[in-house]
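Based on these hints, arrange chain D on the given structure of chain R.
These protein sequences, in sequence, are chains R and D.
The numbers in the first sequence follow full-length UniProt numbering, run straight up by one, and end at 461.
The numbers in the second sequence follow full-length UniProt numbering, run straight up by one, and end at 461.
Keep in mind the hints are simulated off the structure, nothing from the lab.
Check each hint, because a few of them may be wrong.
Copies of the same chain are indistinguishable here, so a pair counts whether it falls within one copy or spans any two.
[As the list claims (entries may be wrong)] The calculated BS3-like cross-link candidates involving lysine-lysine, where the alpha carbons are at most 30 Å apart (straight line), are:
#, residue 1, residue 2
1, 174, 57
2, 206, 74
3, 56, 174
4, 57, 71
5, 291, 71
6, 174, 71
7, 174, 74
8, 291, 206
Fair warning: this is a prediction, and the values are worked out from it, not measured in the lab.
Residue strings, one per chain:
There are 2 protein chains.
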Amino acid sequence: MGALNEGHFLVELENGVKLNCVEPELEEEPETLAIQNAVRVLLQGLNEDINREGLKKTPLRVAKALLHGTKGYKQRANDIVHSALFPEAGLNNAVGHAGGAGGLVIVRDIDLFSYCESCLLPFQIKCHVGYVPSGQRVVGLSKLSRVADVFARRLQDPQRLADEICSALQHGIKPAGAAIVLQCLHIHFPNLESFVLDSSHQGWVKALVRSGSGVFENENADLWCDFLNLLKFRGVNVDKIQMTDATEQCWCPSQSSSSAKLSSMVRSPNQGMVTAVTSILMSLGEDPLRKELIETPSRFVKWLMNFHNTKLENGFGRADPLEASGDISHDREQMHSELNLSFWSQCEHHLLPFYGVVHIGYFCAEGSKPIERDFLQSIVHSYGFKLQVQERLTRQIAETVSSYLGGDVMVVVEADHTCMISRGIEKFGSNTATIAVLGRFSIDPAARAIFLQSIPKTTTT
Amino acid sequence: MGALNEGHFLVELENGVKLNCVEPELEEEPETLAIQNAVRVLLQGLNEDINREGLKKTPLRVAKALLHGTKGYKQRANDIVHSALFPEAGLNNAVGHAGGAGGLVIVRDIDLFSYCESCLLPFQIKCHVGYVPSGQRVVGLSKLSRVADVFARRLQDPQRLADEICSALQHGIKPAGAAIVLQCLHIHFPNLESFVLDSSHQGWVKALVRSGSGVFENENADLWCDFLNLLKFRGVNVDKIQMTDATEQCWCPSQSSSSAKLSSMVRSPNQGMVTAVTSILMSLGEDPLRKELIETPSRFVKWLMNFHNTKLENGFGRADPLEASGDISHDREQMHSELNLSFWSQCEHHLLPFYGVVHIGYFCAEGSKPIERDFLQSIVHSYGFKLQVQERLTRQIAETVSSYLGGDVMVVVEADHTCMISRGIEKFGSNTATIAVLGRFSIDPAARAIFLQSIPKTTTT
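Isolated chain R (complex conformation) (with noise of 0.2 Å):
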């Protein structure tokens, strides 16, 4: 532990002051108690104990950072920009680009998270805003990331978002002119096949919209290209941005073929868990009868039944793992793997999707035959589907795998959290791993550094 000081630790736990001053009055305000009711029928919808110990906050927490996530309801972009425009010599009054230095001021790769309004998940935004200085004024950096987040932190289509984020950049600041070029990713719906969701965010759902004004307007106004070779230079794949500029199709999953395939296998929505949704609507501030807005309850309630809570064990019999074909000498010194089934799950803390990989090593039984992969992609998939934990999820994985494989098993769990984007913390690019050792993996660190030595390298996001 190095010069740690534990006696200097110590007192710092006594003396130190609480976290966050606001909180205690958020527990108590209508919206909070409102949503906290809505939630819990939705877990009761979902066949959930609700005073079970992982589950007893969940309804508060929920509440908390949806109130926190859709925070830019309450707030407006004016007062953002007014409190930061600074008189800058030498930007000439009319258009920038032409009128001498008062150029082009883009900040990239701003990370930004907001909810879709078609399904109530959140979903991801590279978001890159641009505006040609006027009237000898520039507006602080901080504040054109400020303002975007305003307009995220709502119900959202990424068109709207660009569109909202522009006018109000234009009507704020005043400039020649504003660009926004927004890159969304959505989680892509389970269709139960098999699926790979890497980090590399393959298989999701993407949009890449833009919005300008003012000298921006003209989409083929030559300060267009200025932006979208400024945005070259950041990996930004410019040329297909035109495909999703005229779209009239919503981009959520929850409305795409594939889903609607997996939701007629789901029952018809608990009308007594639209109707809670349809009130967080308006917790939120929302109106409900709003166009985009009227299918989003039973929407949100289809995709949160993938993870209803139904009893497992009678699900695994009928595949036999024993029938696997292949001639891999299946001795007890031979590893076997089964490298990046997918899984999607829900977190039981804060009702929202996790998701990525599973990775399970194992070593054969004497006398049995590896053991087929669609068997154990079924056995990640009937785990994910429910309200879990990715500590469980892996540990429950593990021991079912287990008890078909003799024992010596080991599994590693890697998972994206969306709880850790959508809330306060807003990690970005963070991602969770897992591991669960039984048997032989418990006490032989080699086995152990030969299969995760085996799992293949991710690109960070």
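Showing chain D alone in chain R's frame:
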């Protein structure tokens, strides 16, 4: 602007509420007032007019940013973890890895920032936190990030930061063991030599440290192998981790030899400024007599004096750009460019560094020759080394270069702003680009496009 409803937007501007309920109080607190007074002394020491528009609110902005960035002094880690310990059956009460499925849990790639206790500049951190659950309970994953943040938001050294996070988790969660790996990045101090500061952080001072407790107490413990193998997936070069592990020397470039060379060129620190920085340390709740902090005020003042306001005009006369050799045809149709000229500067709104690269494109005036790169670099340095805003820096470079080259000039500045990570907004990967165009570049979009496309693609961080 797509489907934007302007009427809706205007209503919102009028009905919105204030952004930050706590700010008005903060402005009146004695710490805030003391820091503001100290910042005024620093600005005057830099020969700046504290009443000019861009600086008027700088003392308040610096005070708010510093108090926010060091709020860890007022937080206690135990409050955080105690509210989020969840019972999780099946985790063995003994050592996790040997007892069954209760294996390692790690959260990787948590972006943090801290303040260097040696020089008071912010530094960036990629934090990887792990623990082995024990006592049949797990901690909410986001709490690992929050605990790390408490200790990062203080004046720190990488090894102490790792030790403090580790100790807090060990005391708070009482796991079988806790492990921390930190990758820290500190801006290099300018050495006035040609030096590329690119966004891949080449040339930055890096420290890679770790700390372990419980089952991670022994640096050669098997569990460290598991932990480090799980980091390898994410591109962490763990082979280098040992190198800085037992280092006794300070990593901060303010204490390196090249910095000492630089500081010998700077006048000896203004005692009033040093006293002002000492008072800031006290306002943050630090003990300025703590041995690591004794020289910090004078080191920070030395850094700051790089940005002392001096008349620049007579700085360029000596170099003669027309002496440049080379047989490039220099008619007005031939575009020349100098890419990746490095710069350091100090944001006048927050007294925080911003740094990056400048790209200059130009057409030679009739009869003149291309200008020497060193001369352009000296112009860039001269306008960088003062309190600045990026827009003004861009314009000043363009206007100065133009006076030597006949008017057809384009300047692109790409910069990372410390103020975008070390305050409330914390946008870690963001990067700002500004353009100034003069003469032909302001009316010829094709020329702008050719120049912009000649700029090499940066790797996003």
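Each hint tested on the structure:
1. 174 / 57: Between. Shortest inter-copy distance 22 Å satisfies the 30 Å Cα cut-off; intra-copy 46 Å does not.
2. 206 / 74: within (28 Å within a copy, 41 Å between copies)
3. 56 / 174: between (49 Å within a copy, 23 Å between copies)
4. 57 / 71: This pair counts as both: shortest intra-copy Cα distance 21 Å, inter-copy 27 Å.
5. 291 / 71: within (22 Å within a copy, 44 Å between copies)
6. 174 / 71: within (25 Å within a copy, 36 Å between copies)
7. 174 / 74: This pair counts as within: shortest intra-copy Cα distance 23 Å, inter-copy 40 Å.
8. 291 / 206: within (23 Å within a copy, 52 Å between copies)
Comparing the model with each numbered hint stated earlier shows that all of them hold.
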